[in-house]
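Visitor: Chain by chain, the residues run as shown.
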Amino acid sequence: MYISTFHLMPHRELPDDFEKRYPSVWVTPPFHELADARRVGQYYNWTLDELIYAAKAGSDGICTNEHHQNAYGFMPNPNVMGSVLARATQDLNCAIVQMGASLPGTQPPIRIAEEYAMLDSISGGRLVAGMPLGTPMDINICYGVTPIEQRERFREAHDLILKAWTSKEVFAWNGKYFQLPMVNIWPRPIQQPHPPIWIPGSGSTSTFDYAASHDHCYCFLSYFGYKSVSRPVRDKYWEVCQQNGRDLNPYRMGFLQLVGVSETDAQAEKDYAKHVEYFYHKGLHVPLEWFGVPGHQDYRSLANAMRNPAAAQNISSLKEKRYKDFLDDGYVMCGSPATVRDQLKELCRTMRVGNLMVLLHIGSMPHELTLKNIDLFFKEVAPALRPMWEDEWENRWWPAGLRRETLQGAAA
Amino acid sequence: MSTITDRRASVWQDKIHPNVKVAGSGSPVVFLHGAGGLRWDTFLDLLATRHTVYAPEHPGLTEGEEDAISHLDNLWDLVLYYYELFDALGLKSVPVIGHSFGGMMAAELAASNPERVSKLVLMCPIGLWRDDAPIPNWMLITPASDMVKYLVYDPAGPLAQQMFGAPDPEMQIRLIWSMACTGKFVWPIPDKGLKKRIHRIQAPTMVLWGKQDKLVPVRYAEEFGRRISGSKVELIDQAGHVFATEHPERVAGMIEDFLR
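Chains as they are written, first to last, in my numbering: chain A, 402 to 813; chain B, 5 to 264.
It is possible that part of the hints are untrue.
Stated by the list, open to error - To be clear about the criterion: a stretch of chain B counts as covered by chain A if any three or more of its residues have a C-beta under 8 Å from a C-beta of chain A, and this derived list gives those stretches:
#	region
1	65 to 78
2	138 to 150
3	186 to 199
Worth flagging that the hints you see were computed from the coordinates, not collected in a lab.
Note that beta-carbon positions come from the ideal geometry of N, C-alpha and C, so glycine has one too.
Sequences and hints are given; from them, build the entire structure.
Guide: Next comes the structure, spelled out in structure tokens:
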């Protein structure tokens, strides 16, 4: 098991009545009413400090991602953050997991090939290259990309980036969405033929198929835990892998889980309850329709979603739930080290997850509490999870220089 | 009520097979529907009493042909596609009536090749943009139930109830996919350069608008009228963006007079 610490870089101090006063946390929240630029600078620095702290505490990787025009998590360019992190973790065996720069929203996409190659260079070959499709809010609404073209643009950008990384010749790219006369990017990645590629997704079959057919790691970014979705997602994903002739290597699957560790279950409630509610009530306060902007899903996915409204119900019922519900439904795992450990083991076994990502800063959590969570998690929880899958499978989706067998070999 | 026939055409190197609803008798007219899809209503029925109405479904909206939309990349493709569809229907030069998104397409067809459009009826078309009268993006309206307020003059009345009262999932799927396939050509702002081409329109033109249109403000009636020489602009009172559904007799009558 490899465990990475994820951070969203959210606004930590939204007003208590935020979700009543404003229609959405995404796209439309007024910056000047809700935030202060200097204070926001403090959030960015806390975020960086927390991720570096996690790396020092033993996190195998640290993750940032890209979102726009929101208070839920606002790193418009995760590579700006990744660059600081790569530099600050020079002497650590920690992967820089970019989850990452959104392919359909970056023009031309070789910008991502270049920035990722820079990160791989600066980090000494520690980059994991996340390739997200991007949410409809980010890509269609904020960045103006035509919804029905988003997936096709993603696929073309992916192919272009891979060719830009690996081609020994200058080449012309005559695509449908991108045309470039002479591609020959500098620098190139240290990792050959290219850094491992992770595809984040939220459970749509077409993304499973894409990841499996390209032999990339699929990362399920679920805020609804694994209980509600476990069977359909797990079964479908591994079925798609087999259809594509892939093995059942658990490192093909990443999973993001919200986690809060305290001394006891009771203390965990005191520590994390209000931050968990803040995250779900304010951080995900988005009109349901915007998750399904017309064209963002192809016809089959759309029909499937409208006929099986479970996911939509997950989102629309968030405001009625309190900490205990989020806990009971497995959306979050909070409690003593033993409680969290057992639940995470169960999650990873059930879903067959090899690349676990944990969100240890949740919503409004203050800096000090985040450090406590990181400390307890990596001291008391992570060591028990690490041996999972170790003897049977190799994590081919991890930077080769950071795989445990490489590190152990080097130590011996 | 006239008999409506579904006719499948083969267009674009046999890659797209749109369903065309054909009804009535008399001289032909083409009706191009808006972003919400084709809905055969009393207005089209009345039109079909004097004319043969050809109402094609936008590419991707014909059942079983959802992926056909992937064969058309941009507005230029779509304009040429329509000329091919007219060929397939045997329509050399024909009056074209277009509503909203379909109105924009009708104007594009008349501007690109004036020989194909003999008369032009624009029913609250999109296609132009004024910063002082921004058109709300209909694909982003939240909550979705608010859509009715943008479209219907009396959102509490029986017509609104009939159109939006009890949405079932299958209707929702068709509506969303319809917005996806039409939105391909106008996202994110419905201004794709018609202002540079509109002066080429030669067809006698009538511009119709609901006075209380909350989606595309009536301001644009004047804008279209000003830019199409010799056109006449008619406003319909107590009417929203779907004024032909709200006032079918009156609107069908106005169009018949104009086409005569």
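Visitor: None of the hints should be skipped; say for each whether it holds.
Guide: Evaluation of the provided hints:
Chain A is given as covering the region 65 to 78 of chain B, and this holds because 5 residues of the stretch bring a CB closer than 8 Å to a CB of that chain, at least three being needed. For a cut-off of 8 Å, the count of residues in the region 138 to 150 of chain B with a CB near a CB of chain A stands at 6, and the three-residue condition holds. With a threshold of 8 Å between beta carbons, the proposed coverage of the region 186 to 199 of chain B by chain A holds, since 4 of its residues qualify and at least three are required.
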